[in-house]
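A.B. asks: If you read the protein sequences in the order shown, they are chains Z and Y. By the UniProt record's numbering, the letter at position 7 of the first sequence is numbered 7, and the numbering carries on one by one without gaps. By the UniProt record's numbering, the letter at position 141 of the second sequence is numbered 141, and the numbering carries on one by one without gaps.
Hints listed in this document are in silico derivations from the structure and should not be mistaken for laboratory results. Nothing here was measured: the structure is a model prediction, and the numbers come from that model. Be careful, since some hints might not be right.
Repeated chains share a single entry, so a pair holds when one copy, or any two copies, can fit it.
Unchecked claim - Below, a list of computed lysine-lysine pairs in the DSBU-like style, where the Cα atoms sit at most 35 Å apart: (1) K78 - K155; (2) K172 - K78; (3) K155 - K59; (4) K87 - K172; (5) K172 - K61; (6) K77 - K59.
As a plain string of letters, each chain reads:
There are 2 protein chains.
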Amino acid sequence: MALPFFYENTVSAASTHFTLSEETSKHCTQVLRMRTGAALQLTDGRGNLFKASIISEDKRKTVVLIEEQTSLPAPAKKTNIAIALLKNNSRFEWFLEKATEIGVTEIQPLLTDHTEHTRFRHDRMNGILIAAMLQSQQAWLPVLHEPIAFNVCVKNATHQQKLIAHCEDEQKNFIRDLPASNDVQVLIGPEGDFSHEEIRLALDAGFIPVSLGNTRLRAETAGVVAATLVVQR
Amino acid sequence: MALPFFYENTVSAASTHFTLSEETSKHCTQVLRMRTGAALQLTDGRGNLFKASIISEDKRKTVVLIEEQTSLPAPAKKTNIAIALLKNNSRFEWFLEKATEIGVTEIQPLLTDHTEHTRFRHDRMNGILIAAMLQSQQAWLPVLHEPIAFNVCVKNATHQQKLIAHCEDEQKNFIRDLPASNDVQVLIGPEGDFSHEEIRLALDAGFIPVSLGNTRLRAETAGVVAATLVVQR
């Protein structure tokens, strides 16, 4: 069975001892009942994995000995999914979890013409990314950006390959037919799709229109389908 | 805006009048407040779409006039996802919804070595497929089979292309590299993966081992990723 695995963004091998956060200390000692000598794994979310063992149990300040460090290279494929905030938070959170499992490297929430203004709780959303990263045994945490307006995203987009998925009845490409790229951004619209003006703006800025299949997908499904097709090319 | 769209599995154009089910009658009259003359669309889940209008409102027995029928051909691609029942019902239900949106045509719940026996509520699960079909504006309802044991599924599998996704460290193929097929079944294991014996049984029966990417996916994510990669080939 895999070692208990936790995220601690300040852990490093610069020091041999590390004090776990209160949350991790509590989980180790109260929930998992780990005692002195028990082994665990830590990641800083930047590719570094640390094997460690408990030298001093404390429900708020457990201290571990860092025994080994492995550094995993950053994913070769940079996949940025820029997706409109959704009315339904739990659907957006499902997307965050699935996108992380699949290997998306950046998530850019968007405010679009058809988005109802939604409060964005960065810490909560980031917590979902962390949990999904740990669950899928990865060591690179996707970057979760603050929400920005669609036109700002489009204007500042510097990705090598820029794609927009929309529902209007227009000529679109299949992702599988496009040349593979290691630096991709895909724009995913809200429940009501992008507005006509938004689509035009993106196409004028060099975004390639793509089809995600023959069926009408919910926004969070579109995000997961796009992530799969791009990461798996 | 699209017409209100409902599922009625007994509707046909054989008769010009049709009495809506109690559930649909209630939804039309009480929730949507539709009155005599209001237009709606119905599907029987077997590719038939009917345009209709209300001729007699009743919260339990609304009668509609069938005005038009369109028949959509069955999807050319038959995609059967055989997926282990999961401990967490809501994750399994999420998979059902997404699989339907993506265009999966059959879902075969499996009982596997690592599956905890889970009660399977066919009506409830079918209701999720129906809602997802309507939401994604489709007219073909995926077939939801009763759960069967893994070895029975493998023994009786007659699909042209048979795939198994597993997590063991072995030679696997990428779905994109396999020849396209219009008759595919993919086996997806439970949270603890298929057992070694199950994998061997499937390989001996001609199932091709496939990789769903470089990361460790939750079972329901694996189902959605496999569905995407197969339907979108």
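A.B. asks: Each hint: holds or not?
C.D. replies: Hints, one by one, checked against the model:
In this assembly of identical chains, K78 and K155 lie within 35 Å of each other by CA distance solely inside one copy; the values are 19 Å within and 42 Å between copies. Taking CA atoms no more than 35 Å apart as the test, K172 paired with K78 passes in both settings, with 23 Å inside one copy and 24 Å between copies. For the homomeric pair K155 and K59, neither the shortest alpha-carbon distance inside one copy (48 Å) nor that between copies (52 Å) is at most 35 Å. In this homomeric assembly, K87 and K172 come within 35 Å of each other (Cα to Cα) only inside a single copy, at 27 Å, whereas the closest approach across copies is 40 Å.
With identical chains, the CA atoms of K172 and K61 are never at most 35 Å apart, being 55 Å at best within one copy and 44 Å at best between copies. In the homo-oligomer, the alpha carbons of K77 and K59 never lie at most 35 Å apart, since the shortest distance is 39 Å inside one protomer and 55 Å across protomers.
In summary, the structure is inconsistent with hints 3, 5, 6 from the numbered list given earlier, while agreeing with the others.
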